[in-house]
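2 protein chains.
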Amino acid sequence: MVNVAILGFGVVGSGVAEVLSGNAGQIGRKAAESIRLKYILDVREFPDSPFADKFVKDFSVIEGDPDVDIVVETIGGVRAAKDFTERALKAGKSVVTSNKELVATHGYDLLRLAEEHGASYLFEASVGGGIPIIRPLNQCLAANEIEEIVGILNGTTNYILTRMIRAGLSFEDALKEAQHNGYAEQDPTADIEGHDACRKICILSSLAFGRHIYPSQVPTEGITGVTLADVAYAASGACKIKLLGRCIRRDDGKLYVYVAPHLVPDENPLSGVEDVFNAITVKGNAVGDVMFYGRGAGKLPTASAVVADVMDVAQHRRDRNSLRWGPGDPEAVVPAAGLASPWYVRTQAPAERVREVFGAVKALSRPGAQAGESAFVTSAMDQNALEEKLAALGAGSAKMRVLE
Amino acid sequence: MVNVAILGFGVVGSGVAEVLSGNAGQIGRKAAESIRLKYILDVREFPDSPFADKFVKDFSVIEGDPDVDIVVETIGGVRAAKDFTERALKAGKSVVTSNKELVATHGYDLLRLAEEHGASYLFEASVGGGIPIIRPLNQCLAANEIEEIVGILNGTTNYILTRMIRAGLSFEDALKEAQHNGYAEQDPTADIEGHDACRKICILSSLAFGRHIYPSQVPTEGITGVTLADVAYAASGACKIKLLGRCIRRDDGKLYVYVAPHLVPDENPLSGVEDVFNAITVKGNAVGDVMFYGRGAGKLPTASAVVADVMDVAQHRRDRNSLRWGPGDPEAVVPAAGLASPWYVRTQAPAERVREVFGAVKALSRPGAQAGESAFVTSAMDQNALEEKLAALGAGSAKMRVLE
Chain B
1 MVNVAILGFG VVGSGVAEVL SGNAGQIGRK AAESIRLKYI LDVREFPDSP FADKFVKDFS
61 VIEGDPDVDI VVETIGGVRA AKDFTERALK AGKSVVTSNK ELVATHGYDL LRLAEEHGAS
121 YLFEASVGGG IPIIRPLNQC LAANEIEEIV GILNGTTNYI LTRMIRAGLS FEDALKEAQH
181 NGYAEQDPTA DIEGHDACRK ICILSSLAFG RHIYPSQVPT EGITGVTLAD VAYAASGACK
241 IKLLGRCIRR DDGKLYVYVA PHLVPDENPL SGVEDVFNAI TVKGNAVGDV MFYGRGAGKL
301 PTASAVVADV MDVAQHRRDR NSLRWGPGDP EAVVPAAGLA SPWYVRTQAP AERVREVFGA
361 VKALSRPGAQ AGESAFVTSA MDQNALEEKL AALGAGSAKM RVLE
Chain V
1 MVNVAILGFG VVGSGVAEVL SGNAGQIGRK AAESIRLKYI LDVREFPDSP FADKFVKDFS
61 VIEGDPDVDI VVETIGGVRA AKDFTERALK AGKSVVTSNK ELVATHGYDL LRLAEEHGAS
121 YLFEASVGGG IPIIRPLNQC LAANEIEEIV GILNGTTNYI LTRMIRAGLS FEDALKEAQH
181 NGYAEQDPTA DIEGHDACRK ICILSSLAFG RHIYPSQVPT EGITGVTLAD VAYAASGACK
241 IKLLGRCIRR DDGKLYVYVA PHLVPDENPL SGVEDVFNAI TVKGNAVGDV MFYGRGAGKL
301 PTASAVVADV MDVAQHRRDR NSLRWGPGDP EAVVPAAGLA SPWYVRTQAP AERVREVFGA
361 VKALSRPGAQ AGESAFVTSA MDQNALEEKL AALGAGSAKM RVLE
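Chains as they are written, first to last, in the numbering used here: chain B, 1 to 404; chain V, 1 to 404.
Derived from the structure by calculation, the hints contain no laboratory data.
A portion of the hints provided could be inaccurate.
Copies of the same chain look alike in the list, so a pair counts if it works inside one copy or between any two.
Quick list of in silico lysine-lysine cross-link-like pairs, DSS-like style, CA-CA up to 25 Å [what the hints assert, rightly or not]:
1. K283 to K299
2. K90 to K283
3. K30 to K254
4. K362 to K389
Pulled out of the complex, with its shape left as it was, chain B reads as follows (with noise of 0.2 Å):
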């Protein structure tokens, strides 16, 4: 008999205790023990709910549970979520974990941690919603080396750049209707300036790299700058918007990462991937690419990794599965500025000037374009020589890389 607390009632821990519940005969048939859900930690009150007993309002109740095996933390962000988590690890209780944040900003300390004191910290559920994508990169590409990772990690901003691309939104109506629908927030910061993106990129490449990655290490630039033009050129050319983060090995093993809008050509299967759902690439030395796809984010996709965490942790209670990386390192991550890649570019110089300055370039064109803008696609080069380059037009331009 293994007992979880979930820590957090709101959407993911109530799918969580949901997905326990309902999916009970499945889960026990797989599971070596039966897991019991034993305490519901939240402010505030759920009378109605039919885990109404399960109910407490004070963390030192759990903590000082010896019965208490697993909690899950659903909480999000940074400060009570981590307090409560290190508590929990140092009684020697696992911690399970959709909260990417808390994992990008101190997942290496937390894995030590729980390490030190015979305990797991998984979060499967961080990355990908429901997709699985961090215990394969862990367990199933182990034989390779990573060489890159790229990924289209946030539902939000893929639902809009969707809807602009689809249906000719804008930006802004795009996002309004995003929020009515329920995926985007009503701040939607987090999701449209890509931080969202980058704390999962940071976890993905922490992982397959063994250095913390931490989010002040990549640069980062969402979706607010792309407009209904830079869509219409982008199909010119066979291309859909879409924001990527991305991480790069380069020979001598230090790395690229970034997030940042992208032009990526309809011959890969990212361009493909639409409305909410996300999907990330591998590529490793030995297995080349494999993809991974799925929502990216809901209740019940979400919750579903949670519990298959909580599943691992009750079947491997003498041989943990333990995710490990080591300390961050400034050395690890150079300038993604310096990674050579085409790049489209949206320009009013007049293209005799785009020629002198760049040579051949692929063109681009779209219906209604204004006098004197035009758009193309460069050879490949890094961002220092684009900007140069940029700065000899000596017109107002706008960029974005294309995937290769």
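Add chain V to chain B, keeping to what the hints say.
Frame of chain B; chain V shown alone:
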């Protein structure tokens, strides 16, 4: 220190040796214990191999060496492979394999034998080559009741279909090209008749639904009947023809399992899976649809999955990561003909007769259609209803299911 013996130095076996030595650094960082290749069993001579000092010709050397912890079986087939697997398991050694025929045919017995002798029997590489699917299905999606598995499980046939669709090659010419490129064997029967896909859907179904599903329980149709006319009609309906292995759980828990070519609508992510790539979609009651995509075969991708299993055994010597399913049950699988779906039909019957028999259908078209030929998509019906209507049409007809 964990000692490994590889049985069979063919494509996959030699790839396993290469990955173990080439990625030793990565493997050492990830695995708790160091992994040493001690023996390679092959009747052939490889005097110039870098592994020349490891070759043995007699399995009893491996069987009798108590230092050997893990046996990698990459012989293929069900004769020597089965004998050696049984003997290794009985000697308490764990066995890792890419042999889908052996797992699909004798998986239940071998898993039970492994359990009896405290050993593991793992086969991540048996489905989807290097694509992580067995472990994610068994662990990451463990909290879900699985409702359906559908996949492009065979790279050879997907290559042939892609060349028919993209280059307009006939089936025969596309097969020749695949053989020329090393994607199809000189005897391509197991691929083009669907037997390979059948073995893989058997393995996935057994794992997901907990009962051994035998190839003999699975109606299997290959792609030899697919014509360029079908490809063109499918295109006019915004579909691509794909060979799919499917397993669907009915509400009463019984399973439809079958392999057949389908029309796959362009909006389904499976339709964009081209060339030798594989993709598997799993529908769970909590997670919804998740898809796994990558190279379904090839020396290093497959070898990397084998080595990941070896690392798993090395890391879990106390709490074994067992795969497990129950014995076969003739009642568990119901005739796939009972599954209702829309159907693609190509026929010589006149349009009026089609309307009389089928009612409203979605008409398809193709350039250069023969006089009197027509094609259409029906409403959803089971195969018996379809066959009755086709008989009533009274004219030669070809048919395929349409994936919904």
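Hint check against the structure, violated hint numbers in rising order:
2
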